[in-house]
Structure formats: structure tokens, C-alpha cells
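Trainee: We have chain Y; now place chains R and D onto it with these hints.
Listed in order, the protein sequences are those of chains Y, R and D. The opening position of the first sequence corresponds to residue 1429 in the numbering used here, with each subsequent residue numbered one higher. The opening position of the second sequence corresponds to residue 1429 in the numbering used here, with each subsequent residue numbered one higher. The opening position of the third sequence corresponds to residue 1429 in the numbering used here, with each subsequent residue numbered one higher.
Check the hints yourself; a few may be wrong.
Identical chains blur together in the list; that is why a pair holds if it fits in one copy or across any two.
[What the hints assert, rightly or not] Think about it this way: if two alpha-carbon atoms lie no more than 30 Å apart in a straight line, the pair counts; the simulated DSSO-like pairs of lysine-lysine are:
#1 K1602 - K1564
#2 K1486 - K1602
#3 K1536 - K1486
#4 K1432 - K1602
#5 K1536 - K1564
#6 K1536 - K1521
#7 K1553 - K1536
Think of the hints as simulated: they come from the structure by calculation, not from any bench.
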Amino acid sequence: MSLKIGILNISDRASSGVYADIPGQACVALLKEWLTTPVEFDYKVIPDEQAVIEAELKRMADTDSCCLVVTTGGTGPSVRDVTPEATMAVCDKMLPGFGEKMRAESLKFVPTAILSRQVAGIRGKTLIINLPGRPKAIRENLEAVFAAVPYCIDLIGGPYLETRPEVMPVFRPKAN
Amino acid sequence: MSLKIGILNISDRASSGVYADIPGQACVALLKEWLTTPVEFDYKVIPDEQAVIEAELKRMADTDSCCLVVTTGGTGPSVRDVTPEATMAVCDKMLPGFGEKMRAESLKFVPTAILSRQVAGIRGKTLIINLPGRPKAIRENLEAVFAAVPYCIDLIGGPYLETRPEVMPVFRPKAN
Amino acid sequence: MSLKIGILNISDRASSGVYADIPGQACVALLKEWLTTPVEFDYKVIPDEQAVIEAELKRMADTDSCCLVVTTGGTGPSVRDVTPEATMAVCDKMLPGFGEKMRAESLKFVPTAILSRQVAGIRGKTLIINLPGRPKAIRENLEAVFAAVPYCIDLIGGPYLETRPEVMPVFRPKAN
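Here chain Y stands alone, though its shape is the one from the complex (with noise of 0.2 Å):
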């Protein structure tokens, strides 16, 4: 049984085929480029609409088994974005220092980092990550993060996740 990755790219216009979804296979191909265990994307491309998010993300954490599921887009200030909220109405506990890092890796680029809203937190043995909405803005808010991502999906029972270390070397801390 592989091991399943969700992608969820929330967005008006790429869902109603306005835009290309380019933030969505940006995310897969990071992924791709990082990881060696073998992966199956769920990926789907859903409007700004939190009940709609609300029930992409339990499909993808309870029904699907994800171990994993990055968002992209939705973090802004505008009336539209929702996924935050969608993101901590489904989540057990949430990981304030993800949204912390994030944040203060892309405010080496951009002033206007303090307006990402994005969180990540814990469905039962999914780790649920909200990502920017810009391609370039992705690979850097991944790329801060993702060192830490395996070891936090063995503590909640999720599978064991390997990667190219010359690409994205993980951390995982010896026993206590």
C-alpha cells in the first residue's frame, strides 16, 4: 500500500479554469524532487469556499489516509480567503511555528509576508500545511519547513518518509 500525499489548491479562478493550476503541480513537483519514498498524490482544485476546504481536508486526512495534505493559496487579508479557517476548524492541535517560519522566510523577499495568514496543525495522523498561492512564494515557504516535516509525521503514526539529502536533507532529533 503506498503512501499518500494530498494536494489541495484553493482558488476561484484556477477551479473555475480561469487560471492554469500552476501552484498545485508546483507543490508535486517539489515534492518529487525531495522525496525517494515511492508517493501518490490526491490532488483537486477547489474554490475559496471553507465548507468546501472543510471537506477536502477530512476526506484527505480520514478517508484517504494522506499522511500529509499542503494547501496553496487562500492565506490573504481579502474576504475570500478562508483557508486558515477552514484549515483550524478540521485540525486537533496546530503548530504555531510553521505560519512563524514561513512568514519569516518570506519576509527576506517581500514586506508583504506579514499578510500571510497561513497555518499548519494536526487531523488525527495528518499534518495539514496551508502554502502561499505563487509558485516562487511556495518553494521558498516549503523549502523553510519541510526539514522538519518527516520526523512530525512519525510522531503523529504517520509512515516513514526518506528524501535526497543533497536536495532537502531532514532532521529527526536521537531519542530522549
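Mentor: For chains R and D alone, kept in the frame of chain Y given last:
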């Protein structure tokens, strides 16, 4: 119709006349120094009472249509410090990056910066930002985040703010 | 009447005797090294049970009048890690700057620092700070925030703490 910005000095001692209202005046001076767009200020000094603060924030946002409200004071750990609670109570969305960035900036000057509980958030078409009470810290904090404020106000449907780029350059990302 | 500080080691394994209680002892050693004010420690080792943690935090704050309570352990993403939830449940006010600063400090050493969900907050006249479970990280974290702790305790009406300035200088801003 001119653009409005609310300045809310929250202080038991300033509102009872024990202290001069220096923090609120410091905000007005900074905004006049930076902004070229003509602005009308909605200015008030009130005590550290959560219900009063919430009522003023709502009035400035809803009735007075301020695109931005900055508060000063009431963000510490003391029992009378309730500005963040009032702000969270009236906002639709919180923007955690503002508090993180302002505390990180203040930490360059004083280790007690971690005691500030200041937040920022959105109510309708109004951005609300909590600032500390000391004029030196007010400048340090507002300087640290203001480059992102005009774009945030764009995103929530507010007016287009412009600044003197030599004293406060603002940043607006290219549309994606 | 002497000043009291609560030390709460939260660990299923330490409380059942599988592990020695090293984290709690590390906190006591650090505080004895830094503080010159005579202190009495209220010391306890308990399992990762949210109701038990909440009851102990309340007892240390309300009945035992500790001016400071430091917890160790239970701040990660695992299903048994509930220290932040228990702390948030008993606090009147949260101080997000503590968690931000401690995670930023730990990030200098390990990328998995973002997995720590540690918080700090105020219950009545008691400051509660979550620390991680590893002694090395305990020192790094408490060192990163302790300069602000005595002033925080001043502000919430607690006793006046003094330290050995050569090992832990504290900072108290001038009255404004």
C-alpha cells in the same frame, strides 16, 4: 470624500488627564510624515475598558469608515491591559504576522518586547493594528510593518494609499 | 514568607518511573544559578493528562501562590502532548511573544523547533511558561526569555525577583 484613519489612544491615565496624550500624537505625526494621500484623522483617547475599546473600534470601522485604525497602549500583561482582547473580539480575521514582526523588531532594542501581546486584524474594510504605548516603540513598530499596510488595504477593498517613498517606501506585489 | 516557583515536569514516562526526572531538575538548577532572591520550589512530576495538568497549574497558581510556574514536556505534535492546551485552558491572558522567541532560539540548533507548540500566559498573579522536555533545550529556551520574566512578574503584581547579573541580567524598562 476624504480618506479616514482612526487613532485610538487607550490609557487610563491619559484619558483621565494624568498623562498628556503623547502616543496618539506620535501616530498622527508619523502618518503625516509618511503619507501623501490626504487623510482626515478620527482621534480619541479612552480608558483601558474592553467594552469601550470594542465600541470605539466598531464605530471607527463601521460608522466612520476608517480604512485603518491604529491603537496605542494596553497590550502588556497587566490586568488592565485588554487592547488585544478587544481587537480580537471585533475582528473578522486576525493577521498574526503583524504581531510577530513588531515583537521581533522591538526585541532588537529590549528583551521585554516578548511581553507585548499586540495583534492586528481585519474588520470589514478596516485594518486594525495595535501599537505599544511608548512613542519610541510606536515608531519602531509602525516602521516595521507599514510597507505592507497600503497593499493590505487594497486587498480588503479600501482606498489607495500613497507615501513619500524616500521616508516610507510601500510594497505592492505584481498581480499573479 | 518566601517566594514560590512551581516546577511541573509533565511526562508519562517520568511520572511512572521509567525515566529519571531530569527536566524538572534542570529547571531548578538553572533558577538557583540565576536568582539571588530566596525561592522555595513547588515541585511535581505528573503524566500527560490534560485534566491533571490543569489541576496542578491551578493549585500552584491559586492555592500555592507561585509567582512563576515552568512546565517541561508535552509540547510536541504527538497525541499525548497536551501541555499547551492545558495552559491555554487555565490562563486569563496568553503571551505569544514567549513561544515565538523560544522557537526562534531553538531554530538556531534544530529545524524541528517548529514542532514545539509551547506557550506562556498569565493566571491571576502567576506567569506560566511551557518549556520543552530535553535539558539542553530547556536551558536554551529559558535563557532566551528569562531577562523579561522579573518585569512581567512586577506587572502582574508579583514579588520583586533579582538575579546574578553576570549570569542572567534582567531588564526593567524605566517608567514612562
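Trainee: Against each hint, give a clear statement of whether it holds in the structure.
Mentor: The hints, checked one at a time:
no.: 1; hint: K1602 - K1564; result: between (33 Å within a copy, 13 Å between copies)
no.: 2; hint: K1486 - K1602; result: neither (32 Å within a copy, 34 Å between copies)
no.: 3; hint: K1536 - K1486; result: neither (33 Å within a copy, 34 Å between copies)
no.: 4; hint: K1432 - K1602; result: within (26 Å within a copy, 34 Å between copies)
no.: 5; hint: K1536 - K1564; result: both (13 Å within a copy, 25 Å between copies)
no.: 6; hint: K1536 - K1521; result: both (28 Å within a copy, 24 Å between copies)
no.: 7; hint: K1553 - K1536; result: between (32 Å within a copy, 28 Å between copies)
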